[in-house]
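Visitor: For reference, the chains in residue letters:
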Amino acid sequence: GAVVSQHPSRVICKSGTSVKIECRSLDFQATTMFWYRQFPKQSLMLMATSNEGSKATYEQGVEKDKFLINHASLTLSTLTVASAHPEDSSFYICSARDRGGNSPLHFGNGTRLTVT
Amino acid sequence: AQKVTQAQTEISVVEKEDVTLDCVYETRDTTYYLFWYKQPPSGELVFLIRRNSFDEQNEISGRYSWNFQKSTSSFNFTITASQVVDSAVYFCALSRNQAGTALIFGKGTTLSVSS
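Residue numbers (the numbering used here), protein chains in the order written: chain L, 3 to 118; chain W, 2 to 116.
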């Protein structure tokens, strides 16, 4: 079945560094990918919608200069947390939908970011 | 606006008990999709079911069953004869019937099954 690969699964970095998270659709083409953030014991909150070949659409309250999204191909979207701070520590999950439109969303396994 | 409410924050049961997780949604769309996902402690989201708003038939899959009531905007999930491995956070989600739309998640229900 369709698989979304997210890398890395876990990252620990020092405050001030930038972290890049990759989301790949392995056996389908994804014109749209979504990035979610989940704080401990909370729900998944949509951060942004990533569209191949165009700028991402960010949800209200999400800083686009802080969370840089690039969707350069139909199988890869990246989220870069710029100058990460401890409050950015969270679980980040990407999801992708096959370009077939109403097909189910497929989720990556998530990236646990810890900023010290 | 779309909204998903899971009123039960935490539920604790003993193995072999049946448990129902409630989900109430709000949407102005006439067509939409509803989902349930399981999130074990490891963090990944496990897809359980997707239901089109046109299809109000209840569904059973092994020990899992879903009750979709459009009249009350509810999509409840029942686990029969619960097992310890069912312990996880369960999320109900809603999406528009439109290409390129994201899922809106409820806050989740943490289910703890003890032996």
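I should point out that these hints are in silico values taken from the structure, not numbers from a laboratory.
Wrong hints could be hidden among the right ones.
What the hints assert, rightly or not - Mimicking DSS-like on lysine-lysine, the simulated pairs with C-alpha atoms at most 30 Å apart in a straight line are:
hint, chain 1, residue 1, chain 2, residue 2
1, L, LYS57, W, LYS17
2, W, LYS39, W, LYS17
3, W, LYS17, W, LYS108
4, W, LYS108, W, LYS71
5, L, LYS66, W, LYS71
6, W, LYS4, W, LYS71
7, L, LYS22, W, LYS71
8, L, LYS22, W, LYS17
9, W, LYS108, L, LYS43
10, L, LYS22, L, LYS43
11, L, LYS66, W, LYS4
12, L, LYS16, W, LYS4
13, L, LYS57, W, LYS71
14, L, LYS68, L, LYS16
15, W, LYS108, L, LYS57
16, L, LYS68, W, LYS71
17, L, LYS66, L, LYS22
18, L, LYS68, W, LYS17
19, W, LYS17, L, LYS66
What the hints assert, rightly or not - Covered, in the sense of this in silico footprint (three residues per stretch, anywhere, with C-beta under 8 Å from a C-beta of chain W), are these stretches of chain L:
hint, segment
20, 21-32
21, 88-98
22, 111-117
As the list claims (entries may be wrong) - On the chain L side, residues computed to face chain W include the following (Cβ under 10 Å):
hint, residue
23, HIS9
24, CYS15
25, SER17
26, PHE69
27, ASN72
28, LEU107
Ideal Cβ placement from N, Cα and C applies to all residues, glycine included.
Visitor: All hints are to be evaluated individually against the structure, with a verdict given for each.
Guide: Hints versus structure:
Restraint check for LYS57(L) and LYS17(W): the C-alpha separation of about 50 Å exceeds 30 Å, so the hint is violated. The straight-line distance between the Cα atoms of LYS39(W) and LYS17(W) is roughly 19 Å, inside the 30 Å bound, and the hint therefore holds. At most 30 Å may separate the alpha-carbon atoms for a hinted pair to count; LYS17(W) and LYS108(W) meet this at roughly 26 Å. Using a Cα cut-off of 30 Å, the hinted pair LYS108(W) and LYS71(W) holds, with the two alpha carbons roughly 21 Å apart.
Restraint check for LYS66(L) and LYS71(W): the C-alpha separation of about 37 Å exceeds 30 Å, so the hint is violated. Distance check on the hinted pair: LYS4(W) and LYS71(W) sit about 15 Å apart at the alpha-carbon level, within 30 Å; holds. Only pairs whose Cα atoms come within 30 Å are accepted, and LYS22(L) paired with LYS71(W) is rejected, the gap being roughly 42 Å. Between LYS22(L) and LYS17(W), the direct Cα distance comes to roughly 44 Å. Violation of the 30 Å bound is thereby established for this hinted pair.
Taken as a hint, the LYS108(W) and LYS43(L) pair is honoured in the structure, with Cα atoms around 9 Å apart against an allowance of 30 Å. Taking the CA atoms of LYS22(L) and LYS43(L), the gap is about 24 Å. The hint holds against a cut of 30 Å. Between LYS66(L) and LYS4(W) the alpha-carbon distance is near 24 Å, which keeps this suggested pair within the 30 Å criterion. Among the hinted pairs, LYS16(L) with LYS4(W) is inconsistent with the structure: their alpha-carbon atoms are about 36 Å apart, more than 30 Å.
Simply put, LYS57(L) and LYS71(W) have alpha-carbon atoms about 36 Å apart, too far for the 30 Å limit, and the pair is violated. Taking the CA atoms of LYS68(L) and LYS16(L), the gap is about 16 Å. The hint holds against a cut of 30 Å. About 29 Å separates the Cα atoms of LYS108(W) and LYS57(L), which keeps this hinted pair within 30 Å; it holds. Restraint check for LYS68(L) and LYS71(W): not satisfied, since their Cα atoms lie roughly 40 Å apart, outside the 30 Å limit.
In summary, the hint linking LYS66(L) to LYS22(L) is supported, as the alpha carbons are separated by about 14 Å, within the 30 Å threshold. The hinted pair formed by LYS68(L) and LYS17(W) fails the criterion: a straight-line CA distance of about 47 Å is larger than 30 Å. For the suggested pair LYS17(W) and LYS66(L), the alpha carbons sit about 48 Å apart, so the restraint of at most 30 Å is broken. Figure legend: the segment 21-32 of chain L, annotated as covered by chain W; annotation inconsistent (0 residues with Cβ-Cβ distances under 8 Å, at least 3 required).
Three residues within the 8 Å Cβ limit are the bar, and the segment 88-98 of chain L against chain W gives 3, so the coverage statement holds. Check result for the segment 111-117 of chain L against chain W: holds, 3 residues qualifying (beta carbon to beta carbon below 8 Å, three or more required). Taken as an interface hint, HIS9(L) does not check out: its beta carbon lies about 13 Å from the nearest beta carbon of chain W, beyond 10 Å. Violation of the interface hint for CYS15(L) is found here, the shortest Cβ-Cβ separation to chain W being roughly 18 Å, above the 10 Å cut-off.
Against a cut-off of 10 Å between C-beta atoms, the interface hint on SER17(L) is violated, since the closest Cβ of chain W lies about 23 Å away. At about 15 Å, the closest approach between the beta carbon of PHE69(L) and any beta carbon in chain W exceeds 10 Å, and the interface hint on this residue is violated. For ASN72(L), the shortest C-beta to C-beta distance to chain W is roughly 18 Å, which exceeds 10 Å, and the interface hint is violated. For LEU107(L), the shortest C-beta to C-beta distance to chain W is roughly 6 Å, which falls under 10 Å, so the interface hint holds.
Comparing the model with each numbered hint stated earlier shows that hints 1, 5, 7, 8, 12, 13, 16, 18, 19, 20, 23, 24, 25, 26 and 27 do not hold.
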